[in-house]
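Visitor: Protein chains in written order, with full-length UniProt numbering: chain F, 1 to 488; chain L, 1 to 969.
Hints are supplied without guarantee of correctness; some may be wrong.
[Stated by the list, open to error] One side of the interface only, derived from the structure: several residues of chain L facing chain F at Cβ under 8 Å: (1) His151; (2) Arg157; (3) Leu558; (4) Val581; (5) Leu652; (6) Thr655; (7) Val659.
Hints are computed from structural coordinates only; laboratory data are not their basis.
Note that beta-carbon positions come from the ideal geometry of N, C-alpha and C, so glycine has one too.
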Amino acid sequence: MNFVIPDFYPAAAELFVVAMSFVVLMTGTFLQNSRSLSYYLTQFTLLGAAVVTVYTMDGQVTLTFTNMYVDDLMGDFLKLMVYLSVAVVLLYSRSYIGDRRIESTEYYMLVIYATLGMMVMIAANHFLTLYLGLELLSLSLYALVATQRDSARATEAAMKYFVLGALASGLLLYGMSMLYGATGSLELSRIAQAIYHQGGDKTVLMFGLVFVVAGLAFKLGVVPFHMWIPDVYQGAPTSVTLLIASAPKLAAFGMAMRLLVNGLFELADQWQSMLMFLAVLSIALGNIAAIAQPNLKRMLGYSGISHMGFMLLGLVSGVVEGDRHFALNAYSSAMFYVFSYVLMTLAAFGVLLVLSRAGFDAETLEDLKGLNKRSSWFAGMMAIVMFSMAGIPFFIGFYAKFSVLLAVVASGYKWLAVFAVMMSLIGAFYYLRVVKVMFFDEPQDSSPIATPATMRVALSLNALAIAALGLLPGWVMWICDQSMLQSF
Amino acid sequence: MLLAALVLVPFLGSLLAAVMPADARNRESWLAIAVAAGGLLMAGSLYPDVAAGQVLREELAWLPAQGLYFVLRVDGLAWVFTMLVLAIGLLVVVYARYYMSPADPVPRFFAFLLAFMGSMLGVVLSGNLVQLVVFWELTSLTSFLLIGYWHHRADARRGARMAFTVTATGGLCLLAGVLVLGNIVGSYDLDVVLAAGERVRADELYLPALVLIALGALTKSAQFPFHFWLPHAMAAPTPVSSYLHSATMVKAGVFLLVRLWPALAGTPEWTWIIGGAGVCTLMIGAFIAIFQHDLKGLLAYSTISHLGLITTLIGIGTPLAIVAAIFHILNHATFKASLFMAAGIIDHETGTRDMRVLGGLRHALPVTATLAIVASAAMAGVPLLNGFLSKEMFFAETLLVGGDTNWWMSYAALAMGVFGVAYSLRFISIFFGAPSEALPRAPHEPPRWMRSPVELLVLTCLVVGVLPGLSIEPILHVAAVATLGPAMPEYDLAVWHGFNIPLLMSTLALAGGVLLYGLLRRYLQLKERDTVPLVHRLNGAQIYENTMLRLTRGAGWLLKHLGTLRLQPQLLLLMLALLGVPLLLAGAPPAWSDSPRQGFDPLFTAIWVIGGGCAIAAAWVAKYHRLAALALVGGTGVVTAATFLWLSAPDLALTQLMVETVTTVLLLLGLRWLPPRIKAGAGQPAPGRLAWLRRSRDLLVATAGGLAMAALTYAVLVHPASDTIADFFLQNALTGGGGSNVVNVLLVDFRSFDTLGEITVLAIVALTVYALLRRFRPAPESVAIPAQQRHDVDPASAQTPAEQAGSGYLLVAGIYLRLLLPFMGVVAVYFFMRGHNLPGGGFVAGLIFSVAILVQYMLAGTVWVESHLQLRPHRWLGFGLVLACATGLGAWLFGHPFLTTHTAHVDWPLVGELHLPSAFVFDLGVFVVVVGTTMLMLVALAHQSLRAHRLPGDEAARAAPPVSGRRTL
């Protein structure tokens with residue numbers, strides 16, 4: 001048992017973020033009126049982390065910290081996307097949180113720690129690392145939801161999120177402990193080996209798997225672990241909702257890949273059938289429930305449930321009757337789906353943030369009425385997002401749905417593909433209702449929209465990216481393919 | 001790159017048009033004309049290759065990983081459609097230049113129109129089915145934008161929404177169908193799919209694929225029962241109606257059916273689905289068209305009917321029927337586009353499209369009237385015009401399909417012919433009679449160039465009608481060969497075939513139509529009638545609106561009845577799911593007799609009965625009596641500790657016991673500040689049977705959960721254990737760490753870095769609790785003195801806590817514990833010292849010491865304790881951490897890694913040899929930090945009571961005597 005100094009190089013980005021978090025904390029503690037500085041420092045942290053990640057990216061699978069930690073291409077790309085989305089979230093929410101007096105160094109600290117948590121989740125090769133990252137993320141998010149302490153709704157949302165989240169963490173932990181009991185290891189690759197060699201009785205393994213999948217499903221927010229989503233999306237300040245709705249999905253995807261593909265690939269048949277069940281329920285419930293929502297944040301919550309269900313379809317079509325050569329395409333399509341979902345969510349909530357001002361939160365369909373008359377540019381951007389979410393061609397959302405469907409069909413679950421398409425039809429209904437309301441209804445208030453130029457530009461770029469990547473989805477697809485190819 | 005340019009140029013034109021200024025009407029139109037004409041030239045240059053039967057392909061990488069290539073492919077059929085799209089497009093653009101008012105935002109119009117042209121070309125030229133669907137949806141999208149172009153009008157908005165919902169929905173069905181089809185064939189490439197017809201028809205998924213693709217095609221081509229969107233789409237500007245909703249976009253559906261004919265047709269399913277929809281549509285469309293009052297409405301229903309005719313031909317599916325279908329697609333595009341344009345001119349000139357108002361227009365618009373009359377004659381199927389030829393072929397096909405016995409299709413065709421003549425007459429009637437007085441505007445002939453597209457189209461109708469062999473035959477041949485290949489039939493496009501049954505049918509239709517029109521005019525008051533007889537209940541739009549409404553309401557209902565906003569049912573659901581699902585997945589449990597067992601021990605069982613009882617009782621009273629619940633939870637903790645002891649884990653037992661004690665005491669202190677329970681007031685109903693049921697259910701769920709956990713734990717425990725690291729520690733504790741208490745050696749030596757981290761966390765937690773409580777203000781309702789102390793007879797109620805400690809009812813207990821303090825200190829030191837070899841250690845000792853001080857606080861009160869003891873928990877924390885770190889750093893001085901332990905053996909007088917490893921100092925650090933942490937939290941809590949008592953004004957003076965030397969923390 002000799003102590004070896006671990007290789008810090010693969011975790012350079014995480015270490016950088018940790019170091020920067022201390023800098024932000026210290027400046028926030030000792031400088032008066034440091035909110036602006038904290039903001040810029042946080043953005044610098046994300047940028048720096050991106051630079052470090054790109055600089056240390058070598059396409060190899062590198063393990064470090066006694067195999068608790070892995071650095072591979074999939075992780076790198078997911079992390080880069082996390083930085084990007086968190087940076088965009090901060091950019092969008094700056095004036096919002098400024099107006100509501102919740103902008104503070106603590107706010108930025110929590111965001112940094114949430115980011116760090118996501119990075120750790122993505123890079124975990126060990127149950128403990130994974131859990132550590134998950135909790136770091138979750139606890140930061142619970143606190144962020146409750147930032148607006150005077151709002152009863154936010155408090156209720158935070159409380160629900162916390163209780164259900166704690167339950168889910170407990171389930172995950174319980175599942176992990178059972179898997180440990182069955183395999184004798186907490187390290188994902190060792191677990192995979194142990195299961196491979198073990199054979200025979202899988203009862204304990206199965207139980208462990210159920211609990212792990214339950215915990216995972218909670219993070220992804222799929223039925224029946226979705227209950228927190230609508231409440232939290234609606235109750236939290238929009239800026240926080242945006243954060244919860246975007247980057248953590250990437251981390252949850254990373255976690256799913258690590259847990260299920262890295263660790264439990266031998267049990268693919270079992271978890272695929274579980275995930276398929278969850279996916280079907282989520283797509284159905286998400287789409288149907290979204291129709292009945294007059295509140296946009298809630299609607300986007302339900303839509304997110306169905307999107308995550310759709311993403312799961314990619315994960316369930318990897319292994320067909322023991323044949324694994326579909327896996328690469330299936331998983332990369334799921335990754336593509338998450339990427340595009342995050343892009344779309346950012347833009348959708350971005351528009352809501354643009355429309356909100358001091359003392360007024362834009363969150364219902366009413367608030368979007370006649371947006372075209374107030375600002376046809378933003379209405380156009382929102383229309384792009386809605387079309388893309390509905391899966392109409394030439395937007396990125398179409399390719400996301402399409403590549404997942406291709407994977408599903410290739411794996412032989414044709415009824416599943418047809419079902420998913422039918423449900424997307426229902427889904428198209430409520431997205432198009434938003435478009436209708438924006439373009440065809442009379443505005444309720446015709447006050448001009450005042451937005452900082454940076455946000456205007458960023459939001460436009462975001463929406464245009466959805467359109468542009470819809471025209472040229474090839475290279476995003478290439479990134480996803482390469483990630484899967486190099487990492488598994 | 002010619003094909004790519006063909007598709008790309010309209011999109012580029014669209015972008016260019018979008019950025020032009022709003023008043024650049026002429027420049028916009030010139031741009032659009034240039035795009036259409038250029039496209040026409042490019043496409044025209046392909047004719048020699050196409051006529052030679054070649055298939056031109058261009059491929060671009062699209063999503064190569066998914067095996068998808070962007071394929072553009074032109075064969076005869078695609079070429080003919082390309083020419084159709086571009087030629088009609090050119091005419092429509094010219095027409096639109098004059099039609100659009102200068103007040104309209106023209107850039108938007110031309111941008112959308114060109115984008116549509118591009119997407120339609122994309123549909124036609126796609127050599128890949130998925131790519132075809134993509135462009136297909138794009139045509140729906142541009143159609144939506146164009147219908148809603150005048151979005152200030154409610155009918156335009158409604159029409160646009162309806163058209164989009166129906167066609168985009170169909171498009172998604174098509175996508176699903178294409179995916180299934182591609183999966184059957186193994187490729188999405190059109191050439192491969194077309195060549196795999198046999199395999200497709202034999203596949204078990206043929207029917208689903210067919211139904212889904214048919215749904216896409218039928219919605220797009222406005223076939224029954226999805227026909228309702230087309231009349232509502234007439235809210236679009238007339239050039240749009242003429243281009244999209246008669247000549248091109250609605251033809252996309254039938255185009256697709258013709259395109260996939262080699263792959264899908266030739267089965268009874270095909271005939272029934274496609275042909276059935278077609279026959280229904282052609283009858284209903286033609287019938288309803290007669291009763292329209294809106295010019296464009298009439299044309300829309302007529303379009304539906306003609307599309308039905310084409311669909312029926314495709315459904316019949318014989319090679320000759322396909323030729324007829326393609327022929328009629330071209331003919332219909334020509335005469336219907338010209339009719340729409342004529343209707344647009346009439347609307348433009350008179351300001352109305354209402355046939356009840358219009359009349360006698362031949363006086364004011366002689367040229368337009370002539371053109372429209374010729375075009376509607378072609379629509380009615382009058383000989384020497386193009387409509388006649390294809391209708392003749394249609395009649396012949398219906399006769400063939402039925403054979404000698406089954407005539408129903410011929411009857412339907414005849415009925416459609418009769419209705420067609422009737423509505424054509426209705427359309428023409430606006431030109432005859434006395435000039436109407438009620439027109440909003442006095443009509444004049446339109447500008448020459450606005451009329452010229454109509455002239456050109458009508459001329460085509462005539463030329464094709466008179467000289468079919470010379471004009472249309474080669475083009476039709478190119479298209480038909482591309483579709484039918486070797487199955488190409490013999491046919492003859494002549495005006496005169498001699499006397500035969502089709503000609504008889506045409507004659508009957510003409511005569512019957514004239515008769516019907518006359519009858520209807522006379523007896524049914526055609527002009528005044530608002531509803532369509534017989535089928536007026538068959539209102540697709542109404543059904544559509546109802547469906548949408550139901551969907552919204554249904555979703556709301558579902559959510560209301562199946563969803564919940566309350567946390568408790570959510571948790572319950574989760575728990576039930578987790579209890580149920582694993583049982584489904586796991587197999588039968590192992591037989592009871594196989595499992596290893598322990599001997600039954602009554603004493604041990606008794607301990608556990610107590611523990612279980614405590615747990616259940618705690619849950620029972622948790623809501624009503626927090627103090628009791630807390631005490632009971634403490635009881636379960638003690639039982640756990642006893643179990644550890646029983647199973648020979650004294651270390652664990654000791655730690656558990658101390659942790660239990662400290663947490664119970666801290667909770668006890670915190671309990672004071674919880675708000676009181678909300679009492680069931682008069683307004684609330686007393687808990688009845690329902691509440692009882694609910695609680696029983698919860699009890700059951702909780703019990704099941706507990707049992708499940710126990711069962712799982714058991715399963716893991718009896719599972720063959722794998723190698724653990726425990727052996728290593730057991731072997732090396734004494735030799736490597738110099739102690740026989742493995743747990744302690746583990747904590748302070750082997751894993752001392754972890755322990756350092758843990759105590760740091762402890763310190764942080766303590767500081768956080770302190771920071772949080774420093775600004776804590778208890779809720780107003782929990783500020784008051786507790787009820788027990790408020791008793792007037794109780795002398796203690798008048799005393800401050802400090803006075804109570806000296807004379808109150810806690811005197812005896814207080815003195816006892818004061819006396820016990822040094823003893824407990826000694827016990828703590830004892831446990832600390834022996835920790836390395838026997839159960840004990842810094843952590844346990846720290847807890848014991850903390851408890852000693854805690855009880856002083858509890859019994860003597862904060863003020864008294866702090867006036868007699870100078871506790872500075874912050875310093876304890878700091879000192880402990882420094883001590884631990886210093887031990888670690890000390891190892892560095894001697895050239896060892898951080899926290900390496902050195903064991904020294906010191907001979908002390910009296911005591912003897914003392915075993916003194918450096919880990920001992922580290923353990924001391926742990927001890928100090930634990931004491932500091934507990935004290936800091938305690939002090940923070942205790943000071944709440946001081947602060948709270950000060951709040952009510954009158955008590956403030958007595959409750960807080962000036963205590964010298966007490967530090968305000």
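Visitor: Please go over all the hints and tell whether each is borne out by the structure.
Guide: Each hint, compared with the structure:
no.	hint	verdict
1	His151	holds (6 Å)
2	Arg157	holds (4 Å)
3	Leu558	holds (6 Å)
4	Val581	holds (6 Å)
5	Leu652	violated (18 Å)
6	Thr655	violated (20 Å)
7	Val659	violated (20 Å)
Violated hints for the displayed structure, listed by number in ascending order: 5, 6, 7.
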